[in-house]
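Peer 1: As a plain string of letters, each chain reads:
Number of protein chains: 2
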Amino acid sequence: MDRSHKPFLAVLAGERRDPPPVWLMRQAGRYLPEYRAVRARVRDFLELCYTPELAVEVTLQPIRRFGFDAAILFSDILVVPHALGAEVRFAEGEGPRLDPIADAADLARLDLARLHERLEPVYETLRRLASALPEEVALIGFAGAPWTLAAYLVEGRGSKEWLAPRTLARREPRLFASLVDLLTEAVVEFLSAQVRAGAQALQLFDSWAGVLPEAELERWCLAPAKRIVAALRARHPEVPVILFPRGVGAHLARFARETGAAGLSLDTTVPIAWAAEAVRAAHPLALQGNLDPVALLGPEQALLEEARRIRDAAALRPHIFNLGHGVLPPTPPERVAALVRYLKSAGG
Amino acid sequence: MDRSHKPFLAVLAGERRDPPPVWLMRQAGRYLPEYRAVRARVRDFLELCYTPELAVEVTLQPIRRFGFDAAILFSDILVVPHALGAEVRFAEGEGPRLDPIADAADLARLDLARLHERLEPVYETLRRLASALPEEVALIGFAGAPWTLAAYLVEGRGSKEWLAPRTLARREPRLFASLVDLLTEAVVEFLSAQVRAGAQALQLFDSWAGVLPEAELERWCLAPAKRIVAALRARHPEVPVILFPRGVGAHLARFARETGAAGLSLDTTVPIAWAAEAVRAAHPLALQGNLDPVALLGPEQALLEEARRIRDAAALRPHIFNLGHGVLPPTPPERVAALVRYLKSAGG
Numbered sequence: 007m008d009r010s011h012k013p014f015l016a017v018l019a020g021e022r023r024d025p026p027p028v029w030l031m032r033q034a035g036r037y038l039p040e041y042r043a044v045r046a047r048v049r050d051f052l053e054l055c056y057t058p059e060l061a062v063e064v065t066l067q068p069i070r071r072f073g074f075d076a077a078i079l080f081s082d083i084l085v086v087p088h089a090l091g092a093e094v095r096f097a098e099g100e101g102p103r104l105d106p107i108a109d110a111a112d113l114a115r116l117d118l119a120r121l122h123e124r125l126e127p128v129y130e131t132l133r134r135l136a137s138a139l140p141e142e143v144a145l146i147g148f149a150g151a152p153w154t155l156a157a158y159l160v161e162g163r164g165s166k167e168w169l170a171p172r173t174l175a176r177r178e179p180r181l182f183a184s185l186v187d188l189l190t191e192a193v194v195e196f197l198s199a200q201v202r203a204g205a206q207a208l209q210l211f212d213s214w215a216g217v218l219p220e221a222e223l224e225r226w227c228l229a230p231a232k233r234i235v236a237a238l239r240a241r242h243p244e245v246p247v248i249l250f251p252r253g254v255g256a257h258l259a260r261f262a263r264e265t266g267a268a269g270l271s272l273d274t275t276v277p278i279a280w281a282a283e284a285v286r287a288a289h290p291l292a293l294q295g296n297l298d299p300v301a302l303l304g305p306e307q308a309l310l311e312e313a314r315r316i317r318d319a320a321a322l323r324p325h326i327f328n329l330g331h332g333v334l335p336p337t338p339p340e341r342v343a344a345l346v347r348y349l350k351s352a353g354g
Numbered sequence: 007m008d009r010s011h012k013p014f015l016a017v018l019a020g021e022r023r024d025p026p027p028v029w030l031m032r033q034a035g036r037y038l039p040e041y042r043a044v045r046a047r048v049r050d051f052l053e054l055c056y057t058p059e060l061a062v063e064v065t066l067q068p069i070r071r072f073g074f075d076a077a078i079l080f081s082d083i084l085v086v087p088h089a090l091g092a093e094v095r096f097a098e099g100e101g102p103r104l105d106p107i108a109d110a111a112d113l114a115r116l117d118l119a120r121l122h123e124r125l126e127p128v129y130e131t132l133r134r135l136a137s138a139l140p141e142e143v144a145l146i147g148f149a150g151a152p153w154t155l156a157a158y159l160v161e162g163r164g165s166k167e168w169l170a171p172r173t174l175a176r177r178e179p180r181l182f183a184s185l186v187d188l189l190t191e192a193v194v195e196f197l198s199a200q201v202r203a204g205a206q207a208l209q210l211f212d213s214w215a216g217v218l219p220e221a222e223l224e225r226w227c228l229a230p231a232k233r234i235v236a237a238l239r240a241r242h243p244e245v246p247v248i249l250f251p252r253g254v255g256a257h258l259a260r261f262a263r264e265t266g267a268a269g270l271s272l273d274t275t276v277p278i279a280w281a282a283e284a285v286r287a288a289h290p291l292a293l294q295g296n297l298d299p300v301a302l303l304g305p306e307q308a309l310l311e312e313a314r315r316i317r318d319a320a321a322l323r324p325h326i327f328n329l330g331h332g333v334l335p336p337t338p339p340e341r342v343a344a345l346v347r348y349l350k351s352a353g354g
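Protein sequence lines, in the order shown, are assigned to chains Y and X. So for the first sequence, our numbering puts the first residue at 7; every next one is plus one. So for the second sequence, our numbering puts the first residue at 7; every next one is plus one.
Derived by calculation from the structure, the hints in this document are not laboratory data. All values derive from a computational prediction rather than experimental measurement. One or more hints might be untrue.
[As the list claims (entries may be wrong)] With the C-beta cut set under 8 Å, the calculated list includes, among others, these residues of chain Y facing chain X: (1) 19; (2) 176; (3) 255; (4) 280; (5) 282; (6) 306; (7) 310; (8) 343.
[What the hints assert, rightly or not] Restraint ranges, calculated between C-beta atoms of paired labels, are given here: (9) Y:70 to X:307: 54 to 60 Å; (10) Y:167 to X:22: 30 to 36 Å; (11) Y:264 to X:264: 54 to 60 Å; (12) Y:98 to X:177: 39 to 45 Å; (13) Y:136 to X:339: 37 to 43 Å; (14) X:177 to Y:50: 29 to 35 Å; (15) Y:352 to X:53: 55 to 61 Å; (16) X:322 to Y:264: 23 to 29 Å; (17) Y:338 to X:241: 45 to 51 Å.
Note that the Cβ used here is the ideal one computed from N, Cα and C, for glycine as well.
Just need the whole structure built from these sequences, with the hints factored in.
Peer 2: Here it is, written out as structure tokens:
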């Protein structure tokens with residue numbers, strides 16, 4: 007693979023590019039009318055994720071419209087629990103619902119046996135994307151990290167504080183470790199299969215890492231991240247892995263130093279200059295981020311000034327411009343267009 | 007005031023004490039059967055906050071049962087919006103509901119005119135507590151910080167992401183600044199009156215500071231905290247202020263360095279040894295925290311080991327032992343008793 011044609015991959019290999027490559031988390035989604043038109047054709051959200059024709063189409067929509075440097079597979083982190091046998095339902099406007107795991111009998115109902123079979127439509131989506139994307143656009147595969155997936159499986163739904171998984175992890179640490187181990191293995195298998203299907207980079211979303219104290223973070227987030235990065239490097243040394251441990255604040259540098267990841271995605275709250283200093287020893291690690299998605303809901307002038315500040319603060323590191331969290335549904339598409347136009351024109 | 011009799015105040019004055027003084031956020035609350043008995047006597051939660059006889063009783067319950075080194079006024083951060091004229095309702099099991107502020111007309115309905123009149127029952131509670139508490143127990147007053155109060159006022163309820171206030175702050179920064187200014191003034195007046203009524207230390211809870219990017223955090227959290235600490239120091243130089251900017255991660259040191267606060271309360275996610283290093287320049291600032299409240303739901307042995315780790319990691323700073331967030335309703339009171347017993351016996 008010739009990286010020089012794909013700025014996104016060049017930066018993950020340690021190059022600095024000006025202007026920085028750009029893509030946005032949830033760049034395919036409800037804020038786009040063409041996405042809503044496709045979404046209306048299926049009854050439920052998982053059906054969209056599992057129908058290659060439609061998943062390819064919504065993945066490509068923002069590439070056509072905005073000219074991003076990377077396309078990320080359209081899917082959801084909960085396809086892994088689903089492929090392990092968990093019930094996963096997406097009720098309109100309510101977020102996901104799962105049958106909560108509370109004990110060993112619940113855990114025993116999950117297994118790896120049919121993982122690839124159930125995820126085959128995702129792999130087919132990636133194969134089609136790999137041949138459909140323009141030469142200069144990279145294809146990103148992804149998965150939820152084990153802690154975040156375990157949190158949904160134990161809580162049974164989204165949460166602010168995630169007390170159910172945090173309590174189970176303390177009361178039944180061996181049971182919880184079995185769950186995290188199973189998910190770690192599933193994530194490695196899933197991401198490795200995504201590479202075989204055409205993914206050129208991988209991102210691991212630990213969206214709820216930020217609720218854990220240090221010792222728990224080490225055990226349930228950092229250790230699995232190390233295992234996942236190591237397993238993928240062994241199998242696919244050419245494929246960079248980006249970690250997104252959202253909300254981990256002062257612990258961020260450990261994810262850089264201790265895992266061997268090629269990139270670190272920064273959430274909205276992280277001062278990018280601080281992060282650049284904190285990961286100095288982990289050269290040439292790329293930083294990704296971290297514009298506040300709410301900035302896309304405000305006036306254009308303030309948006310572009312904030313984008314400039316982030317680009318400037320990251321200028322001495324390999325940097326991929328992104329948000330610190332996903333695009334919000336009320337985002338005006340013209341704001342995204344203005345942001346990309348600004349970034350592409352402001353370099354040099 | 008002779009601080010040597012009150013270990014909590016001695017530590018806030020810069021002394022190290024071994025064992026460290028201890029109190030817990032939400033030490034008065036639903037996990038105590040004697041609290042639930044008092045709660046059952048009133049129809050709604052605000053009535054409990056505004057009935058001095060009952061508020062005094064529930065404040066004293068954990069002091070009698072566990073022998074904490076500080077009692078914190080039993081109240082709620084939303085009494086300030088309520089005293090400014092906002093509708094505030096606590097529906098059972100649902101959390102607070104407020105009529106959301108969306109524009110200048112909504113904001114104009116809030117005013118300071120009747121603040122002290124409406125909060126008089128809170129001051130009466132403090133006066134009674136000041137004479138009822140044992141000599142060695144300090145009395146803490148508190149308020150919600152302006153950003154967190156504004157977030158509830160604009161969102162109208164609790165939230166994970168607080169998109170309504172974050173969006174309003176970007177779309178209508180002048181309106182939002184007026185709201186934060188009004189709340190800053192109200193908080194100063196409220197805390198100052200608490201001191202006149204007998205509070206010997208003050209804690210400012212910025213529970214939702216952790217969702218903001220750096221520039222917004224500076225404007226809506228750090229700047230108001232500076233103003234509040236400066237105004238209170240001018241009026242009551244002997245009364246220490248503790249800041250609790252929850253979830254601010256890498257920004258924590260700025261709250262220490264730039265505000266002149268006497269203490270910094272650490273949330274669960276902050277490695278206390280990292281925080282001690284980060285605030286080194288702000289000697290003799292006291293650190294407070296930061297045991298995970300979920301540890302109180304797990305086995306006693308693991309709880310005491312974690313308490314020991316925190317005590318040891320903070321041993322070189324003035325340290326007040328506390329949780330990183332409030333006591334959870336399912337907490338067994340005997341775990342709290344075991345924790346306090348352990349801390350009191352393990353020093354020396």
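Peer 1: Given residue 255 (chain Y) as an interface hint, is its Cβ closer than 8 Å to any Cβ of chain X?
Peer 2: 2 Å, holds
Peer 1: Would the stated hint for residue 310 (chain Y) survive a check requiring a Cβ distance to chain X of less than 8 Å?
Peer 2: 13 Å, violated
Peer 1: Take a look at whether the Cβ-Cβ distance between residue 177 (chain X) and residue 50 (chain Y) falls inside 29 to 35 Å.
Peer 2: The hinted range 29 to 35 Å holds for residue 177 (chain X) and residue 50 (chain Y), with Cβ atoms some 33 Å apart.
Peer 1: For the range 54 to 60 Å, tell me whether the beta carbons of residue 264 (chain Y) and residue 264 (chain X) fit it or not.
Peer 2: 31 Å, violated
Peer 1: Does the CB of residue 282 (chain Y) sit less than 8 Å away from some CB of chain X?
Peer 2: This hint is violated: residue 282 (chain Y) lies away from chain X, its Cβ roughly 12 Å from the closest one there, beyond 8 Å.
Peer 1: Given a hint of 54 to 60 Å, does the C-beta separation of residue 70 (chain Y) and residue 307 (chain X) actually sit inside it?
Peer 2: Check passed, 59 Å falls within 54 to 60 Å.
Peer 1: At a threshold of 8 Å, is the proposed contact between residue 176 (chain Y) and chain X supported by beta-carbon distances?
Peer 2: Because about 3 Å separates residue 176 (chain Y) from the closest Cβ in chain X, which is inside the 8 Å limit, the hint holds.
Peer 1: A closest beta-carbon separation below 8 Å is what the hint needs, so does residue 19 (chain Y) meet it against chain X?
Peer 2: Hint on residue 19 (chain Y): violated, closest Cβ of chain X at ~27 Å, above 8 Å.
Peer 1: With a cut-off of 8 Å on the beta carbons, see whether residue 306 (chain Y) makes it to chain X.
Peer 2: 11 Å, violated
Peer 1: Assuming the hint says 55 to 61 Å, is it satisfied by the Cβ distance from residue 352 (chain Y) to residue 53 (chain X) or not?
Peer 2: 57 Å, holds
Peer 1: Classify the hint on residue 280 (chain Y) as holds or violated, based on whether any CB of chain X lies nearer than 8 Å to its CB.
Peer 2: With Cβ-Cβ at 5 Å, under 8 Å, it holds.
Peer 1: Would you say the C-beta atoms of residue 167 (chain Y) and residue 22 (chain X) sit inside 30 to 36 Å of each other?
Peer 2: 32 Å, holds
Checked against the numbered hints above, the structure violates hints 1, 5, 6, 7, 8, 11, 12, 13; every other hint is satisfied.
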